[in-house]
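Colleague: Residue strings, one per chain:
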Amino acid sequence: MFRRCRNMVVTERTKMANVSEPLQVPGHEESHPDFLQHHFDTPAQQFGAAKLGMWVFIATEILMFGGLFCAYAIWRGQDPKVFDEAHHFLNKILGASNTIVLLFSSLTAALAVRSSQVGKRNLTSFYLVVTIACACIFLVIKYFEYSHKFHLGLLPGHCFGHPGLSAAIQNGEEVGTCLRMDVNSASVMPEWVRAVDEEGHVTLLSPRANMFFGLYFVMTGLHGLHVVIGMSILLWVLYKNVKGSFSPAYFTPVDLGALYWHLVDLVWIYLFPLLYLVGKPE
Amino acid sequence: MAVVDIPVAGGAVGHAADEHGDPHANYLKAKSGIGSWMYTLDHKRIGLMYLTMVSIAFLVGGIFALLVRLELFTRGKTIVDAETYNRFFTLHGAVMVFLFIIPSVPAALGNFFLPIMIGAKDVAFPRINMLSFYIYLVGVAIILTSIVMGSVDTGWTFYTPYSVQTANSVISMTFGVFVLGFSSILTGLNFLVTVHTMRAPGVRFARMPLFVWGMYATALIQVLATPVLAITLLLLIAERFFGIGIFDPKLGGDPVLFQHFFWFYSHPAVYIMIVPGMAIVSELIATFSRRAIFGQFAIAMSSIGLAVLGFLVWGHHLFTAGMSEFATMVFSALTFLVAIPSGVKVFNWTATMYKGSILWASPMLYAMAFIFLFTIGGLTGLFLGTLSVDVHLTDTYFVVAHFHYVMMGGTVIAFLGGLLYWWPKMTGKMHDERKAKIGFWFVFVGFNAVFIPQFIMGSRGMPRRYYDYLPQFQPFHQASTIGSWILATGLFITAYTLLEALWKGKKAPRNPWNSAGYEWMTDTPPPLANFHAAPVYTRGPYDYHLATPEELATGPDGREIGYKDGHVSALPEHGRH
Amino acid sequence: MAADLPHTMEPADSGASASTGADAHGAVHVHIASSRFYVGIFAALICLTIATVKVSYYDFGAANIVLALVIATMKASLVAAFFMHLRHDNLFNTIAFLAAFVFLGIFILLTYDDTGYRGQVDNDYGGKIDPRTGQGAAGGEPATSATADSVAAEKAPGAVVGKKE
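Protein chains in written order, with the numbering used here: chain A, 1 to 282; chain B, 1001 to 1577; chain C, 2001 to 2165.
Wrong hints could be hidden among the right ones.
Claimed, not checked - Coverage of chain C stretches by chain B, computed from C-beta distances (three or more under 8 angstroms per stretch; other residues unrestricted):
{"hint": "1", "stretch": "2096-2105"}
{"hint": "2", "stretch": "2109-2116"}
As the list claims (entries may be wrong) - Each pair of labels, with its calculated beta carbon distance range:
{"hint": "3", "chain 1": "B", "residue 1": "P1161", "chain 2": "A", "residue 2": "P80", "range": "22 to 28 angstroms"}
{"hint": "4", "chain 1": "C", "residue 1": "Y2117", "chain 2": "B", "residue 2": "P1161", "range": "21 to 27 angstroms"}
{"hint": "5", "chain 1": "B", "residue 1": "A1167", "chain 2": "A", "residue 2": "I229", "range": "32 to 38 angstroms"}
{"hint": "6", "chain 1": "B", "residue 1": "A1167", "chain 2": "A", "residue 2": "G221", "range": "21 to 27 angstroms"}
{"hint": "7", "chain 1": "A", "residue 1": "S232", "chain 2": "C", "residue 2": "G2061", "range": "40 to 46 angstroms"}
Keep in mind that the hints were calculated from the coordinates and are not lab data. Note that CB positions come from ideal geometry on N, CA and C, so glycine has one too.
All chains, please: the whole structure from these sequences, using the hints.
Modeller: Structure follows, in structure tokens:
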């Protein structure tokens, strides 16, 4: 097993093992290009290290989001009915649109990296701009989704059951201003209420659906934050590309920026079905 | 057999100093001025800055500990009221765990020595290294703000539902911890990539120094576990802020779920604390027994084993919290499994010492204390892993004594030993061994005096985190408090010894302990670029039978063998076969 | 022992160098796919998205979530292998990526061991009935009828009186 591990990541210095090197002298172009940092021996070593570092970072992000998926899994297992009903209040069409937008942006990000690898600077800029534009579209669609929820009162925690919710109730029952449980009282959970979902069906909405929406907002909110961060990173990469910092010999930041963007897409690939699609169809 | 291959006389080493400073100059002198420290990218300087900060954190956490013990000297109120007492033990725990012990060995000693021990010039990402230090400072600032703003009395574990309902500054403190988590993740990420991509020729994984193996295993845990802490604290903050209900049964949530989330990080975190300590002990025992470490590969694998198995056992903190019986049985069985790698290490260390040539310098005393104290701590952990016994011992002083034996009797003792061992290498000054040994005995006696009474009263039912107690526990508490004063004295003596060396210590030779370790082959203190010529290793770090007499010699001065006046000369070949 | 040197080094041309993407001068060389290939992967992803949305309109019971996750994993694998270049990269990068899922799986599985089995008390360890008197034994929880039933059931098929623990 160790033989394989040893060959998996090669230390570039071994290539020059036969000659013990003096320390790198900065400024020698062929042996020491400008982008090569002083503690690395070769560009390949630097690139390999950067990629591995990025993948380890991606692993940490997966575990962070994973905690939320764990909460989702546990909760859903305990209260499947609530999840089945509540998820109807999410708009599948908007969700699917967001998915397609993100997948397309992933494509353009990969194409941006490819352009950089072959040295086409302007094409790289173009693809980066398209990727960032897709991110903006994603956020706009998200904004519409969120504002619709606010209007309906489908908010997490304390805020669940805003007056707007009563407007969605068809049988005339008054829900009251807020369904928040008084933490000092030991009262029983109120009854399920009837409400109209996104597809116009009347459905039963438990006050415990605030758990679903709590999870929904935390998960999509954290994901949205990562979209914004990803956009910033890609903007910075775009700036550096326009300045001419990249070449077929050095395109690492484009590669790493795109990797971060693909991670954002990966998380959404799992969020979309679990939040929007899985439940009893009407 | 040479350990370091050096080009023939006149090799191109005389190149000009660049903006980073002269790579051949002593790293402490290469650049001066406060800016050179604040903007440094040198892993050695970053390690020293971390060392300074964690020492301050240890002092602060220690003061809280002394206050806690002082309050418990008599029943009822001794110096403060109950609410303040709750804050004291919470802050003692939070400061010690998050500000001191988790960064201590990896960020201070690991940062300094990991690149040197694999023959690299620096870590893979020096700027991220610097960033991780600044993130640490930000986290410290947020926690200090939280303390000033009213602090937290939930215990360092922030259990729900109390942490959701209490009026104190939970959000700011948990946010501070959240920020510190990123510092830890970045350090771990850096170490992982450095070990994979920057090992010098000859440093195969199987031949890597055990300290590096320990740092590698720790980095694995840091990278995989800390993100879950991040999300746990975010959920707690969201719970407090929005009342989402994930941990609130009235809203359909589950408070035990918080404990699962919290301990999924915090149990591997204790392995982040102990594995580096064990890594130091491996180095100490090999050097001070002047023998190759017995079962080097087994010890290396046991570090990885601890890292992996440590992720499977977090439920043993939840045995009485309301988990299902099935889960308690699963976790209890897995907990017994995780004791095995530690046992492998203790056996191998003991076997290393057999027929070795032991030098009883102060670091070796600490290594011996580690084995003794960690064994006690580890064995008492087995008591706690046994379900039927844990029902009686959980949340008593028995648990408190157990984890102090492993964390303090383990990690802190190893940390002190490592500091004394590597102080000459880091600072270029020799400390006074006599004072160090006196300090050691105060620490050892004081430590046992604090915690043995706690084992006894815990087994007799004294609960932890209690402000007041029954009369029969008074003698134990008093003994424990007096022990804390002895322990504090020892720690101050040791700190004084180390600091005194900076001003009054003699200049350290290259290899004062006659070690075969890789880090002792370079200058004392190391040059800015760690070596004068890129090293190539043809023997292992514990191969005393392969090292030349030159390499093992104390050295007439602090310089790397064969380096003199800016020239590197060929190393005379002396075999020892 | 200079003669030993070459043997302790990794060979200059190990197979791994191809995946690291290095040449003799240590410059970076990576596998570059064609634009068409990327568009093809995108098309596959769109098909899978359409599939997962269409499937959500039918009820397969418990298989709903399994199906959704399977399709999502297929999409994620395409993105990771081709858009993120894992297919042509160092194997260790893939290991790092998958390791995150393994540990996440451990987290979810062992937490489910708790939440999925709450309230299920092991009758043998719960209420113990003294076989001689048929009453609850001293210590432990009070005997429940469920425990009495299980003890009776053990006795019924000719079991030895006074069951061994």
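Colleague: Next, verify each hint and record whether it holds.
Modeller: Hints and how they fare:
no., hint, in the structure
1, 2096-2105, "holds (count 3)"
2, 2109-2116, "holds (count 6)"
3, P1161/B <-> P80/A: 22 to 28 angstroms, "25 angstroms, holds"
4, Y2117/C <-> P1161/B: 21 to 27 angstroms, "23 angstroms, holds"
5, A1167/B <-> I229/A: 32 to 38 angstroms, "33 angstroms, holds"
6, A1167/B <-> G221/A: 21 to 27 angstroms, "26 angstroms, holds"
7, S232/A <-> G2061/C: 40 to 46 angstroms, "44 angstroms, holds"
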